[in-house]
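Q: Now for the letters of each chain:
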Amino acid sequence: MPDEARLAAADQPLVFRPKPERPPPTSSIGVLGWMRANLFSSVSNALLTLLGAYIAIVFFTAIINWALVDAVWEASNRRECLDRVGRAGACWPGVIAWIPNLLYGLYPKDQVWRINIAFLILVAWALPLWLPRVRSKVGIGLSAVLLYPFLASYFFHGGAKDLLWTALIALGMAAFAWVWLTTLSERTTGLPFGAVVARLTGAPEDDEAATRTRARIAYAVLYLVAVGVTTQWSLSEVSTRYWGGLFLTLVISGFGITFSLPAGVMLALGRRSQMPFISLCSTAFIELFRSVPLITILFMFNTMLPLFLPVGVEVNRLVRAIVAVCLFAAAYMAEIVRGGLQAIPRGQYEAASAVGLGFWQSTALVIMPQALRIMIPTIVGNFIGLFKDTTLVSIIGLFDLLSMARAVGEDTTWLGLFLEPFFFITMIYFVFCFLMSQYSLNLERKLGAGQRR
Amino acid sequence: MSGAAATLAPAATRTGVPAIELIGLNKWFGHFHVLKDIDLQVAEGEKVVVCGPSGSGKSTMIRCVNQLEQQQEGRVVIHGRAFGESAQKDEEIRRDIGMVFQQFNLFPHMTVLENCTFALTWVKHLPKAEAEAIAMSLLERVHIPEQAKKYPLQLSGGQQQRVAIARALCMRPRIMLFDEPTSALDPEMINEVLEVMVELAESGMTMMVVTHEMGFARKVADRVIFMDQGEIVEGAPPEVFFANPRYDRTRLFLSQIL
Numbered sequence: 001m002p003d004e005a006r007l008a009a010a011d012q013p014l015v016f017r018p019k020p021e022r023p024p025p026t027s028s029i030g031v032l033g034w035m036r037a038n039l040f041s042s043v044s045n046a047l048l049t050l051l052g053a054y055i056a057i058v059f060f061t062a063i064i065n066w067a068l069v070d071a072v073w074e075a076s077n078r079r080e081c082l083d084r085v086g087r088a089g090a091c092w093p094g095v096i097a098w099i100p101n102l103l104y105g106l107y108p109k110d111q112v113w114r115i116n117i118a119f120l121i122l123v124a125w126a127l128p129l130w131l132p133r134v135r136s137k138v139g140i141g142l143s144a145v146l147l148y149p150f151l152a153s154y155f156f157h158g159g160a161k162d163l164l165w166t167a168l169i170a171l172g173m174a175a176f177a178w179v180w181l182t183t184l185s186e187r188t189t190g191l192p193f194g195a196v197v198a199r200l201t202g203a204p205e206d207d208e209a210a211t212r213t214r215a216r217i218a219y220a221v222l223y224l225v226a227v228g229v230t231t232q233w234s235l236s237e238v239s240t241r242y243w244g245g246l247f248l249t250l251v252i253s254g255f256g257i258t259f260s261l262p263a264g265v266m267l268a269l270g271r272r273s274q275m276p277f278i279s280l281c282s283t284a285f286i287e288l289f290r291s292v293p294l295i296t297i298l299f300m301f302n303t304m305l306p307l308f309l310p311v312g313v314e315v316n317r318l319v320r321a322i323v324a325v326c327l328f329a330a331a332y333m334a335e336i337v338r339g340g341l342q343a344i345p346r347g348q349y350e351a352a353s354a355v356g357l358g359f360w361q362s363t364a365l366v367i368m369p370q371a372l373r374i375m376i377p378t379i380v381g382n383f384i385g386l387f388k389d390t391t392l393v394s395i396i397g398l399f400d401l402l403s404m405a406r407a408v409g410e411d412t413t414w415l416g417l418f419l420e421p422f423f424f425i426t427m428i429y430f431v432f433c434f435l436m437s438q439y440s441l442n443l444e445r446k447l448g449a450g451q452r453r
Numbered sequence: 001m002s003g004a005a006a007t008l009a010p011a012a013t014r015t016g017v018p019a020i021e022l023i024g025l026n027k028w029f030g031h032f033h034v035l036k037d038i039d040l041q042v043a044e045g046e047k048v049v050v051c052g053p054s055g056s057g058k059s060t061m062i063r064c065v066n067q068l069e070q071q072q073e074g075r076v077v078i079h080g081r082a083f084g085e086s087a088q089k090d091e092e093i094r095r096d097i098g099m100v101f102q103q104f105n106l107f108p109h110m111t112v113l114e115n116c117t118f119a120l121t122w123v124k125h126l127p128k129a130e131a132e133a134i135a136m137s138l139l140e141r142v143h144i145p146e147q148a149k150k151y152p153l154q155l156s157g158g159q160q161q162r163v164a165i166a167r168a169l170c171m172r173p174r175i176m177l178f179d180e181p182t183s184a185l186d187p188e189m190i191n192e193v194l195e196v197m198v199e200l201a202e203s204g205m206t207m208m209v210v211t212h213e214m215g216f217a218r219k220v221a222d223r224v225i226f227m228d229q230g231e232i233v234e235g236a237p238p239e240v241f242f243a244n245p246r247y248d249r250t251r252l253f254l255s256q257i258l
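Heads up: the sequence lines are chains A and B, in that order. Note that our numbering has the first sequence beginning at 1, numbered continuously upward. Note that our numbering has the second sequence beginning at 1, numbered continuously upward.
It is worth saying that the hints were derived from the structure and are not from the lab. Some clues are possibly wrong.
[As the list claims (entries may be wrong)] Here are the computed lysine to any residue pairs in the SDA-like style, where the Cα-Cα straight-line distance is at most 25 Å: (1) B/K149 <-> A/R135; (2) B/K150 <-> A/E350; (3) A/K161 <-> A/A118; (4) B/K128 <-> A/A118.
On a predicted model such as this, the values are computed, not experimentally measured, just so you know.
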């Protein structure tokens, strides 16, 4: 019958009917399917899986027994720990007694709140960047990078302020106030703070010039108030000699991270520049700093820089270390960014210049966003490396987290207690590095949206 | 010039000055002589199709027109204004020229709409709403307003190329350059792009198109130019060019692609 029908309609084209889709066989999906495919796909793989599981279990039970089960939590010195459990369990009281020093170094105990407050200010400063309905995110981010360091420096160091420092600290305070005023006004009214002030003081909605003038006046008033507060407010001086522990590690790596990215971008652009002089200088800088170990650079800056400076000019030891770390990190970052730039097809530059963009516009708006996006894993990898490399500052006499951990075992009460503090700071380093790497994955996922088919 | 040209081009610009003039153009890549003594005039509203074997210099020539490539000898004059006086004037001249590339070159990190509004916001400094209105009207003109919120890589090749055309048109150019606009496309998508180009030609735009789509050349070109080894071998209206090419080299080329 179908054949007859087909014959009857021989001059009609056949109708193509696609087959319906079927679900995959159950053995290839779900947990069982995954285990079969990945853990037990052959006899040798199954054996390796079991061996790996065995080693992992032995290793982790040993660590947990030492660190938690057999550990001593209360004792007044190391002798007590050894008498109770010997070396089978960890002796945590020494670490606990030293926690303030591990976190803040030798910073005076009654002043530690300044560090905590400065840290909270940073969190509050950056928080609006993750809030929805906030439009001025570029301004908020830039102000955090450019102005927070002045405010934080004063919190950390304190002491007498000259005119320049008063102006800069006030700028930091005004910027912080602006961040939250504009965040609140944008989240409630959808307008930036300046525009809201202009409305409230009676500027007509469609008069852009009047709005701008009133917004400027509002910002000026904000700044003057901040200057007033700054002149009335002072903190006692805490010399950088007393800075240390996790706090110092974060200060050095924070400067290194925030400086190295913009500096690296500029150096990478410089190296690719058509202008021979700029290209030569950038290349020379990058190659010089990349071919010398960080330890050497730290030594050079610490011992030799003062010899070159004019008599009477003294640069603080911490500042010298920070500058050395920043320059070293910038050279590495430059090569990472250059790699990213090379991955962007020439057609992107051409398309940007064909629609009428100049060099800086096409670099900032078309090329860099794409290059940095590709480079996120490498850039964050570099940040993580930098964070850990700051331990090297201990050899020029700064008391970073690692040096403080070593000091625990040199304390007469806890003499010889090295393993526990190292275990503790390992955890701290791990938490920071793991968070950075998770954040980078998160960023990749978010920015990659829509870029894949 | 067709009647439609009068409706698109402002009256003041139709002065008889050629839209594009290439005068004694010579260019080398290293020691390789890519363009040899190119002289070419394209009138306002004229549509010129450039064809030739690969390596003949046709892409380099069209890229010289908006100075993506710079010649070592000769001059490029657009609407009577020569390139090379100052960087700022070059930028201004270039804004009159839109370009569509073989590989689309859309900005992958921006949506289709942002690709189109981008130059309006950053070069012409238009407010967002106005820029979006212009971009939407041009996306409608290339028949894909519904894709405005997507990212380029989510679209088919043909759709991407139409976005690229819309992006170039947003700047209201007086000249459009097309560098092999359909060569990177799957065969079934070539027509949707050519249709848009035909509509554009009918609106009176000055166009220079490097392509092997001879059907398109027959339909819209005022002149077809054949290039080989860095020289313009011959150029003629399509009916003459296809029926009766003067050079053996042209005949050989046509026999290979038709």
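Q: Can you name, in rising order, the numbers of the hints this structure does not satisfy?
A: 4
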